[in-house]
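Please arrange chain F on chain H, whose structure you already have, making use of the hints.
Keeping their order, the protein sequence lines are chains H and F. Start counting the first sequence at 21; every next residue gets the next number (this note's numbering). Start counting the second sequence at 374; every next residue gets the next number (this note's numbering).
A portion of the hints provided could be inaccurate.
Unchecked claim - Quick list of in silico lysine-lysine cross-link-like pairs, BS3-like style, CA-CA up to 25 Å:
#1 F:K486 - H:K150
#2 H:K150 - F:K488
#3 H:K46 - F:K398
#4 F:K398 - H:K41
#5 F:K423 - H:K79
#6 H:K51 - F:K398
Derived from the structure by calculation, the hints contain no laboratory data. Keep in mind that this is a model prediction, so the values were computed, not measured.
For reference, the chains in residue letters:
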Amino acid sequence: MSNNKKKNLTPTQQDYQSFAKDREVKRPVVKNCIRAFIVGGSICTIGQAISTFYMHFFKFTEQNVANPTVATLIFITMLLTGFGVYDHFAQFAGAGTAVPVTGFGNAVISAAIEHRTEGFVLGVGGNMFKLAGSVIAFGTFSAFVIALIKTLLIQWGVL
Amino acid sequence: MVFVWSFLVGGLICVIGQIMLDIFKLTPGHTLTTLVISGAILSGFGLYDKLIDFAGAGASVPITSFGNSLVQGAMQEAEKHGIIGVVTGMFEITSSGISSAIIFGVLGAILFKPKG
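Only chain H is shown next, with the shape it has when bound in the complex (with noise of 0.2 Å):
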């Protein structure tokens, strides 16, 4: 696709493309990925942790425990949304706290923060998965789609 723009460029602009391409700064790849690999990690260490505890406790097993686990993180990420905390946490993390099904909640959670000023009905309930709402169009088709695959191969016996 970039190159089919390119095309229709002028040479001055074709030029100048080049131009800012080789002053643009270098993303530092290698820290990044240090730096979203521990965060990523120990909110997943965490996770693990609330895990134990709610098994231990409260009697999950191990097949349903991630369901309680994953609100009471959420339930987290609400906290350190509101307090302004996440959006540092995030510029340092980068992938390492958007990957995690924390990231999901803060862009849930502060998109309705955000809107809160469009009223509740229109800003909060409208706006809301503004930017989660990918996630769970294309998660839930794709599913539709794998599930509906796979139990018609079972039901001709193929599986």
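Just chain F now, with coordinates in the frame of chain H:
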């Protein structure tokens, strides 16, 4: 031991996300959507459950598990009711993530004022 594995596996999934952001220059929205879809695909082949058995929260906390539990819920209902179950069972397992995001989102909007 499960703590060590959850740290390593969870960290690795986040590194995959970071690589998609930095090297393939995707937006966070595209990255998360891709991860959810790949979780659903892994779940279709029955691989994601094994990863959860092995790494615990390291596999169930990253957003990939959202795709996994959507497929798992759909498959559970499909075993009982056939193809209709695929639609009705979709959110069976994963309801906690979405419902808590909505509940705490509204609660957060009531409790906190926007900054800046």
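Against the structure, the hints:
For a cut-off of 25 Å, the pair hint linking K486 (chain F) to K150 (chain H) stands: about 19 Å separates their Cα positions. With a C-alpha separation of about 19 Å, the suggested pair K150 (chain H) and K488 (chain F) falls inside the 25 Å cut-off, and the hint holds. With a C-alpha separation of about 12 Å, the suggested pair K46 (chain H) and K398 (chain F) falls inside the 25 Å cut-off, and the hint holds. Between the alpha carbons of K398 (chain F) and K41 (chain H) the distance comes to roughly 14 Å, so the proposed pair stays at or under 25 Å and holds.
Restraint check for K423 (chain F) and K79 (chain H): the C-alpha separation of about 22 Å stays at or below 25 Å, so the hint holds. About 16 Å separates the Cα atoms of K51 (chain H) and K398 (chain F), which keeps this hinted pair within 25 Å; it holds.
The structure shown violates none of the earlier numbered hints.
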